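Novice: Using the sequences plus the hints, can you model the full thing?
If you read the sequence shown in our numbering, its first letter stands for residue 120, the second for the next number, and so on.
Simulated from the structure, these hints should not be mistaken for laboratory data. Just so you know, these numbers come straight off a predicted model, no measurement behind them. Idealized CB from N, CA, C, for every residue including glycine. Hints are not guaranteed to be accurate.
In silico DMTMM-like pairs for lysine to aspartate or glutamate, Cα to Cα no more than 25 Å straight-line [said to hold, decoys possible]:
(1) K360 - E349
(2) K483 - E336
(3) K440 - E539
(4) K547 - D523
(5) K328 - E155
(6) K321 - E419
(7) K388 - E399
(8) K321 - E180
(9) K432 - E543
(10) K453 - E441
(11) K460 - E447
(12) K407 - D262
(13) K321 - E336
(14) K123 - D182
(15) K547 - D533
(16) K504 - E349
(17) K360 - E539
(18) K432 - E367
(19) K547 - D351
(20) K448 - E403
(21) K149 - D121
(22) K506 - E457
(23) K289 - D262
(24) K407 - E457
(25) K183 - D145
(26) K483 - E132
(27) K328 - E132
(28) K183 - E157
(29) K360 - E336
(30) K547 - E441
(31) K460 - D145
FRET-style restraints, in silico, Cβ to Cβ [as the list claims (entries may be wrong)]:
(32) W315 - E195: 57 to 65 Å
(33) R327 - Q368: 33 to 41 Å
(34) E403 - P498: 42 to 50 Å
(35) K453 - Q536: 47 to 55 Å
(36) R493 - V189: 33 to 41 Å
(37) W315 - R501: 53 to 61 Å
(38) S170 - K369: 35 to 43 Å
(39) S185 - D523: 39 to 47 Å
(40) R253 - K328: 22 to 30 Å
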Amino acid sequence: MDVKLPKLGEGAESGTVVGILVKEGDTIAKGQTIVELENEKAVAPIPSTVSGTVTSLRVKEGDKISVGHVILTVAEKDESKPKTVPPGATVARAKEKSPETLNKASPKPEALEIRPEQESATTGLSPAASPSLRKIARELGIDLTRIRGSQRGGRIVMEDLRAYIQRLQKVAEPAKDPTAPTRPQEPTEQMDFSKWGPIARKPLSALRKVIIQRMTENWATIPHVTQFDEADISALMDLRKKYAPAYEQKGVRLTLTSFALKAVVATLKKHPAFNSSLDEAAQEIIFKEYFHIGVAVDTEQGLIVPVIREVDKKNMLEISKEVSDLAEKARSRKTSLEEMKGGTFTISNQGGIGGAHFTPIINKPEVAILGLGRGAMKPVVRGQKIKARLLLPLGLSYDHRVVDGANAARFMVDLVQALENFPEEQVKIG
Numbered sequence: 120m121d122v123k124l125p126k127l128g129e130g131a132e133s134g135t136v137v138g139i140l141v142k143e144g145d146t147i148a149k150g151q152t153i154v155e156l157e158n159e160k161a162v163a164p165i166p167s168t169v170s171g172t173v174t175s176l177r178v179k180e181g182d183k184i185s186v187g188h189v190i191l192t193v194a195e196k197d198e199s200k201p202k203t204v205p206p207g208a209t210v211a212r213a214k215e216k217s218p219e220t221l222n223k224a225s226p227k228p229e230a231l232e233i234r235p236e237q238e239s240a241t242t243g244l245s246p247a248a249s250p251s252l253r254k255i256a257r258e259l260g261i262d263l264t265r266i267r268g269s270q271r272g273g274r275i276v277m278e279d280l281r282a283y284i285q286r287l288q289k290v291a292e293p294a295k296d297p298t299a300p301t302r303p304q305e306p307t308e309q310m311d312f313s314k315w316g317p318i319a320r321k322p323l324s325a326l327r328k329v330i331i332q333r334m335t336e337n338w339a340t341i342p343h344v345t346q347f348d349e350a351d352i353s354a355l356m357d358l359r360k361k362y363a364p365a366y367e368q369k370g371v372r373l374t375l376t377s378f379a380l381k382a383v384v385a386t387l388k389k390h391p392a393f394n395s396s397l398d399e400a401a402q403e404i405i406f407k408e409y410f411h412i413g414v415a416v417d418t419e420q421g422l423i424v425p426v427i428r429e430v431d432k433k434n435m436l437e438i439s440k441e442v443s444d445l446a447e448k449a450r451s452r453k454t455s456l457e458e459m460k461g462g463t464f465t466i467s468n469q470g471g472i473g474g475a476h477f478t479p480i481i482n483k484p485e486v487a488i489l490g491l492g493r494g495a496m497k498p499v500v501r502g503q504k505i506k507a508r509l510l511l512p513l514g515l516s517y518d519h520r521v522v523d524g525a526n527a528a529r530f531m532v533d534l535v536q537a538l539e540n541f542p543e544e545q546v547k548i549g
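Specialist: This is the structure in C-alpha cells:
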C-alpha cells in the first residue's frame, strides 16, 4: 500500500520534506506522523493513512513533493499472504495504465500561471461549487474562496470563474505606452566572487525562498511611505514593572508587545482605513470589522508572522499568553498555515535586539505595518524643565494608494497618545 501526500488545504499543493520520522522496518499506526512538510512559512505534520510495516521510503529530506506523490510504502497488517493475480491481468493493467492510454483518457489543460491580486479571505468554509468546477480551479491553481459567487447562496458557476480569470489578466497587464520603445529584459549577470578571495555557498532554504518572493512582491507592488515618531513610554513601563510579578505567577511574561497590541487596536478603531485591504480587481477598499494582528517573530530559519485573532476581545493576560505561545511555536516551526493567515495589521518589534527607527515592509494584502525599535532614555522638555524620559521609536509603513499622509500622521498621533496614556485597568488581572 502506497501512502501518498494528501491535499494540504485550499491553494496548497506542494511542499518540501524537512523531516522524516520513520524508517524502513518500522511499524506505524494510522494517523501517526511520518514526515514533516514545509509549505510557505509553516511546517505541517503529515500523518499516515494506514497501519502496517514500512517496506520502503520514497522521499528524502529536501525533496519537493506535490499532492499525490508517494511518501512511503507499507505492508498492511492483514497482508500476510500475497494476493493471487489472474493470468493476463498484469498485462491488461499495464496496457490500461500505459502513458498513451492515460494521455488519451484524461487530457490535462494547459498550465496557467496566475498571481492572485489579493490573499484569500477564507473563513474555513468551502464555497459552494460543482465538483467539475472545483477540478478545473484546482488544476489552474485558483483558490475558489477568492471568487464571489453570483448564484443563490453565493454558489460559484463557470461564468464567475471565467470573469475572475479575466480580471486577473487585466490586473496583471501593465499599462503600455505605445510611444515607448520596447527593450528586452537583460539577464542577471553571474559574478564569480571567488576571483577575489575564498567564498562559501549555502543553498536557500524553502522558507528563505518564500521570504524572497513575498518581500519582492510586496515592495514592488505597494507604494510604501513610512511615518516616524516617538512615544514616551515611561509611565507604561512603570505599569509593566508593577504588574509583571502577578503575570509571572500565572506563568506569563508581560511584555511591551502586549501593550502595543492593545494600543494598536484602540487606534485602528479610530482609523479603519489602516485595518483594510485593497481589492484591485473590484476597485474597492475592504474595511474589516475584526482585529487579527500579526506579530513578526525572528527565528533561526527566517521571519515568521503568526496572527493573534480577536485582539479587541481579549484581556492583557490572554494576549500575553498567546504572544508567548505563538512565538515559541514559530521558533520551533510548529506554526500552521492557518495561524499565519487572515491578519489585518502587523507589528514588528525589534526592541529586544536593538536599533531605533526602521522602515518595515507591508505584509500584503494588509495596508500598514508598525515597527517598534528599542526604547532609549532621552532628555525631554516638560514645561520649563528638562527630564529624562524613556522614548520608544515608532515607524508606520503604509500603502499610499489607500492611506494619505495626513491620515497617517493622525494615526500616529493617536497611537502615541494610546501608548503614553495606557489605562491601568487593562493591565490588572481579574
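Novice: Could you run down the list of hints and mark each one as holding or not?
Specialist: Verification of the supplied hints:
1. K360 - E349: holds, 21 Å
2. K483 - E336: holds, 9 Å
3. K440 - E539: holds, 23 Å
4. K547 - D523: Between K547 and D523 the Cα gap is close to 37 Å, so the pair fails against 25 Å, i.e. violated.
5. K328 - E155: holds, 18 Å
6. K321 - E419: Roughly 15 Å between the alpha carbons, so the hint for K321 and E419 holds.
7. K388 - E399: Within the cut-off at roughly 24 Å; holds.
8. K321 - E180: Status holds; Cα separation ~16 Å.
9. K432 - E543: Within the cut-off at roughly 17 Å; holds.
10. K453 - E441: Holds, because 14 Å separates the two Cα atoms, which is no more than 25 Å.
11. K460 - E447: Since the Cα atoms of K460 and E447 sit roughly 18 Å apart, the hinted pair holds (cutoff 25 Å).
12. K407 - D262: holds, 20 Å
13. K321 - E336: Roughly 23 Å between the alpha carbons, so the hint for K321 and E336 holds.
14. K123 - D182: holds, 14 Å
15. K547 - D533: holds, 23 Å
16. K504 - E349: holds, 19 Å
17. K360 - E539: Measuring from Cα to Cα gives roughly 15 Å; hence the hint holds.
18. K432 - E367: holds, 22 Å
19. K547 - D351: holds, 21 Å
20. K448 - E403: Given pair K448, E403 is violated - Cα atoms ~35 Å apart, limit 25 Å.
21. K149 - D121: holds, 13 Å
22. K506 - E457: Violated, at about 47 Å.
23. K289 - D262: The given pair, whose Cα atoms are some 18 Å apart, holds under the 25 Å limit.
24. K407 - E457: Judged against 25 Å, a Cα distance of about 18 Å means the pair holds.
25. K183 - D145: The given pair, whose Cα atoms are some 24 Å apart, holds under the 25 Å limit.
26. K483 - E132: The hint holds at about 21 Å.
27. K328 - E132: Since the Cα atoms of K328 and E132 sit roughly 17 Å apart, the hinted pair holds (cutoff 25 Å).
28. K183 - E157: Holds. K183 to E157 sits at ~9 Å (cutoff 25 Å).
29. K360 - E336: violated, 41 Å
30. K547 - E441: holds, 17 Å
31. K460 - D145: The hint is violated at about 36 Å.
32. W315 - E195: 57 to 65 Å: holds, 59 Å
33. R327 - Q368: 33 to 41 Å: This hint holds: roughly 40 Å between Cβ atoms.
34. E403 - P498: 42 to 50 Å: holds, 48 Å
35. K453 - Q536: 47 to 55 Å: violated, 38 Å
36. R493 - V189: 33 to 41 Å: Taking Cβ atoms as reference, R493 and V189 lie about 50 Å apart, which means the hint is violated.
37. W315 - R501: 53 to 61 Å: Given a distance of about 55 Å, which is inside 53 to 61 Å, the answer is holds.
38. S170 - K369: 35 to 43 Å: Roughly 42 Å apart at Cβ, these two residues keep to the hinted range, so it holds.
39. S185 - D523: 39 to 47 Å: With a Cβ separation near 44 Å, S185 and D523 satisfy 39 to 47 Å, so the hint holds.
40. R253 - K328: 22 to 30 Å: Since R253 and K328 have Cβ atoms about 29 Å apart, the given range 22 to 30 Å holds.
Hint check: violations occur at hints 4, 20, 22, 29, 31, 35, 36; the rest are consistent with the structure.
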